[in-house]
Amino acid sequence: MADTQRTLAAVLALLADNTSGAISPQDLRDALVSVFSNYGTIGLAGGSTAQTGISATPAKVTGFATDGEAGGCVEADAANNRLKVTVDGMYLLLCGCSFSGANSKTYLGEIYAGGAAASFKKLRRKLGTGGDVGDAFAFAFASMSANDYVEFYISSTDGGSTFTPEEMGLLALKIG
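The numbers in numbering that gives the first Met the number 0 rise by one with no breaks, and the one at position 175 of the sequence shown is 174.
It is worth saying that the hints were derived from the structure and are not from the lab. For glycine and all other residues, C-beta sits at the position ideal for the given N, C-alpha and C. One or more of the hints may lead you astray.
[To be verified] Derived lysine-lysine pairs resembling DSS-like cross-links, with alpha carbons at most 30 Å apart:
#1 K59 to K125
#2 K104 to K59
#3 K121 to K104
#4 K104 to K120
#5 K83 to K120
#6 K59 to K83
#7 K59 to K121
#8 K121 to K83
#9 K120 to K59
#10 K104 to K125
[Said to hold, decoys possible] So the derived label-pair ranges between C-beta atoms look like this:
#11 D157 to F119: 53 to 59 Å
#12 L11 to S54: 43 to 49 Å
#13 N102 to T6: 20 to 26 Å
#14 T65 to Q25: 33 to 39 Å
#15 A1 to N79: 22 to 28 Å
#16 S118 to Q25: 34 to 40 Å
#17 L91 to G127: 27 to 33 Å
#18 G158 to Q25: 54 to 60 Å
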């Protein structure tokens with residue numbers, strides 16, 4: 000039988016007090032794979048094509064190129080610029096990015112969880128006038144359901160901007 004990722008509640012139910020000796024070897028394997036292998040990553044190294052028309056309305060970043068490590072409850076999907084969660088739970092979401100863009104523009108990056116901006120730390124970076132490459136970092140905690148997606152969105156408070164990722168990574172890690 001295949002090992003199965005489970006929610007915390009399901010693992011606790013599997014591993015009740017065991018007074019009847021009902022915990023099977025499969026239950027223990029399911030508990031272990033539910034604790035370990037709970038992450039997924041996508042990334043970009045070496046630059047990407049510029050996204051144009053970045054405005055105050057957040058736009059999905061489309062420059063991811065490589066599926067990174069993935070295990071258990073998160074599927075890497077760089078071809079669609081997202082991670083897919085396969086098990087309900089609480090997730091730590093991280094995105095780091097270095098990028099170039101229009102001079103003297105301010106950029107805001109947000110991690111989206113399940114189709115909505117996740118609360119907590121947004122990426123915020125203003126580029127200078129000399130062709131700067133800026134770097135910034137965003138993170139969030141989100142309660143997610145199976146089949147939800149993790150994506151990265153960018154906007155510019157100044158409108159009419161371009162955004163060219165140089166290096167970036169998006170990670171989802173199940174923490175509960």
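Checked hints:
| no. | hint | in the structure |
| --- | --- | --- |
| 1 | K59 to K125 | holds, 19 Å |
| 2 | K104 to K59 | holds, 18 Å |
| 3 | K121 to K104 | holds, 16 Å |
| 4 | K104 to K120 | holds, 20 Å |
| 5 | K83 to K120 | holds, 21 Å |
| 6 | K59 to K83 | holds, 15 Å |
| 7 | K59 to K121 | holds, 14 Å |
| 8 | K121 to K83 | holds, 21 Å |
| 9 | K120 to K59 | holds, 17 Å |
| 10 | K104 to K125 | holds, 6 Å |
| 11 | D157 to F119: 53 to 59 Å | violated, 24 Å |
| 12 | L11 to S54: 43 to 49 Å | holds, 46 Å |
| 13 | N102 to T6: 20 to 26 Å | violated, 48 Å |
| 14 | T65 to Q25: 33 to 39 Å | holds, 34 Å |
| 15 | A1 to N79: 22 to 28 Å | holds, 25 Å |
| 16 | S118 to Q25: 34 to 40 Å | holds, 37 Å |
| 17 | L91 to G127: 27 to 33 Å | holds, 32 Å |
| 18 | G158 to Q25: 54 to 60 Å | holds, 56 Å |
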